[in-house]
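In the order they appear, the protein sequences are chains A and B.
Quick note: the first sequence uses the working numbering, first residue 2, plus one each step.
Quick note: the second sequence uses the working numbering, first residue 2, plus one each step.
Read the hints as simulated data drawn from the structure, not as lab findings.
Treat the hints with care, since some could be wrong.
Not close to chain B: a few residues of chain A, all C-beta gaps over 12 Å, as computed [said to hold, decoys possible]:
no. : residue
1   : V33
2   : I45
3   : P120
4   : G298
5   : T406
Below, a sample of chain A positions facing chain B; criterion: calculated Cβ distance under 7 Å [as the list claims (entries may be wrong)]:
no. : residue
6   : G46
7   : P215
8   : D218
9   : W348
10  : Q349
11  : K351
12  : P415
Every value quoted in this text rests on a predicted model; they were computed, and no experiment measured them.
Backbone N, C-alpha and C define an ideal beta-carbon position, used for all residues, glycine too.
2 protein chains.
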Amino acid sequence: MSTSPFLRAGLLAAAFSAAVPAFATPQQGTGVAWDIVEGITTEIGPRPAGSPAEGRARVWGEAKLKALGFQNVRVDEFRTRAWTRGPESAALTAPYAQPLAITALGFSVPTPRGGLKAPLVYFPTLAALEAATEGSLKGKVAFIDHAMRAAQDGSGYGPYGNVRRQGPTIAARKGAAAVVIRSAGTDSHRNPHTGVTIFAKDVKPIPAGAVSNPDADLIARTAARGAPLAIDLRLEGKPFPDAPSGNVIAELPGRDPSLPMILLGCHLDSWDLGTGAVDDASGCAIVTAAALAAQNGGQPLRTIRVLWAGNEEMGVGGGGGADYARVHGSETHAVAMESDFGADRVWQVKFNTAAESQPLVDKVKAALWPMGIVPHEGEADGGEDVSAIIKAQNLAVIDLGQDGTHYFDLHHTPDDTLDKVDPAALQQNVDAWAAVLRVIANEPGVIGKGK
Amino acid sequence: MSTSPFLRAGLLAAAFSAAVPAFATPQQGTGVAWDIVEGITTEIGPRPAGSPAEGRARVWGEAKLKALGFQNVRVDEFRTRAWTRGPESAALTAPYAQPLAITALGFSVPTPRGGLKAPLVYFPTLAALEAATEGSLKGKVAFIDHAMRAAQDGSGYGPYGNVRRQGPTIAARKGAAAVVIRSAGTDSHRNPHTGVTIFAKDVKPIPAGAVSNPDADLIARTAARGAPLAIDLRLEGKPFPDAPSGNVIAELPGRDPSLPMILLGCHLDSWDLGTGAVDDASGCAIVTAAALAAQNGGQPLRTIRVLWAGNEEMGVGGGGGADYARVHGSETHAVAMESDFGADRVWQVKFNTAAESQPLVDKVKAALWPMGIVPHEGEADGGEDVSAIIKAQNLAVIDLGQDGTHYFDLHHTPDDTLDKVDPAALQQNVDAWAAVLRVIANEPGVIGKGK
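Chain A with its partners taken away, still in its complex shape (with noise of 0.2 Å):
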């Protein structure tokens, strides 16, 4: 429908307008945590890593966090392999003409002047294409389809996301000149999912883009009726060498500075098709809101400190996190956690600990049964940006598992943006890690390390 039949209702528009205010956002919320996110995703948006924006988003943090009045509050600088999205567009040519909303992977690389006018083949899964035979794909798109589905831990996540992360490099190396995959996403919403490839060091990168899962839809049905399907290709993102990125470190001394600290990272980069409000800008808020709320009752026996990471999203193990573990390895640390899968609601803790630790674990989860958190009997492994420093001092670990259910709607997309952001649930987050904090910051004998 276009203007009828509701036009002649509308004549009556000016009676409506009294009565709003002279700002109609939608959404409120109030606190430490929302303040950061809604600062972030409001003052910086989009921050990919090694972009301006990143190193603004760092002037940014460390000023909010000063503010809050955190001590120590520092940047520590460093250099990182980065990726810049350039325009791109697709549409199937053959045997329907179609537009199709794409999105360039991290790591791509641009397709030829004037795009890519290609047959395109069509594989179900990522099993389909590794079946292929090695160079049939030679002058070819290949079309990696899946059958990723929502779940509350986001399991769907690790073998749903490599035909992000594997199927470029399988299908460079059966010769295929650019790859397309249904985004690694739970949405049906025209808004592709973003997010790293890690092309092997054996193949040539080649153009590798995401559709909305809409748009692989339309290829799968286009496909199942037979005939060839064609291309008309345009990724011009490419990587780049040597980037500035950084983290950001504060802290809130405890009472004994001998004792090992808390550690509690999240990431201050964000993809940059939305403002990064889910990822990471609430992880972020979350922490430092929750270290803040762990002094009421007195200043813990433990320094804690927060980590607000540089370049998670395109790091590979060699951003942020690596970076931190290189500059502050030498220093003692008790408990690494991580807040990184959105900002609903805490609903499962995990722990490594080691058994002389049993009772800590045991008073951990004393302070999260009366707020419905259940434990669970896998192992916590924190997160891309505490992984190194645990992996180097084999850290003990707490994860406090948030409901993933909606979080891969929005991950890596344009509509990972504010009002995504329940502030209740955020609060939620705020209350569960500071009722951990205030168990774990005041321990004041040995923590084990880690399994």
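For chain A, the structure is supplied; the task is to place chain B on it using the hints.
Relative to chain A, chain B alone:
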């Protein structure tokens, strides 16, 4: 998060693949209505008025209606004013650099070569813009916010849609160089809603675009901080005259051809951003499948004609509906109905009939009661595709009101795609329409005019 903590689990990906079918199309429907929506969206896709794709859709529709057994299948061609999209982009440049998800409104004129860099002035409502001093927006871009919310009967689209319909004219009168509005939509995705704006004859058209709701939120939050805003705007879409369009018309003849016929309208054109699944392939699918379903149990007395109208979206009173009334105004019609409000379930029915037809109205109500469809005392008005013939012949009208709660999440966006159509809801529409048709197409007596 990027790849950790799920990467390790993902190494088992191959184990998942064996059970996946050859084509992983996530949603399947059956039946005539589904086949029509699936076919148009897959084989034609976007089909804006006046475009070659709209012409392909007419060819497709003619063949489909013949294949389904309709008689007198024909295309009435006509010429129309139309509009075509060009490259488009926008970014806030002050006080913060932020890309904006924008799309031009139909009948926008292009921004100057190289784009338009100008101050952006925030207006919370259309009324606030109307209150601005004449000439006060010279050299500036107006931003018009609003507060449209979802409603089951879609009633928000009247008043809030006026921001799109009338806002650009009002901004032009105040001297604005361009205008940007909050999309007339109820979703929170980075997919702005297009749709025509209607420039009054006494104003010089200006470039006009809509940003998505999350982008409008960002502009509102930024404006609330108090510093001046600026925008870099590029909208290259432009109108063009004398484009080809046409109506596809087909009939299922009644047993008594002397009785005035039943006219069922929908529109074949769509906006260019999506594939027009809910707006309005579903409408054409519903009326067509229902006309066929009404034959079950015996050929009805009256002829049922379906009208798949061209150029509803840009017609503004001069599209396919007007052409139909011009060409077919001498033929006798009894009742006109239209389906153009998506694919969700029918929940209410409205009438516009003369008092002497109350027994017929009661029969229709009785047929719908068992389906949970409630009568509404408001007056039926059909819609853009049938309104001209209704007006010309003072026809009786029946509106089967669909649930519009989610319609304006999708309306005129890239997200208007097949996956949004629930096959069961689509079939419920067909069943409801067929129930009505079995009553009215078998009415032997005079069917009174509209009020």
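> Which numbered hints are broken by the structure, listed smallest first?
Replying inline: Violated: hints 2, 9, 10 and 11.
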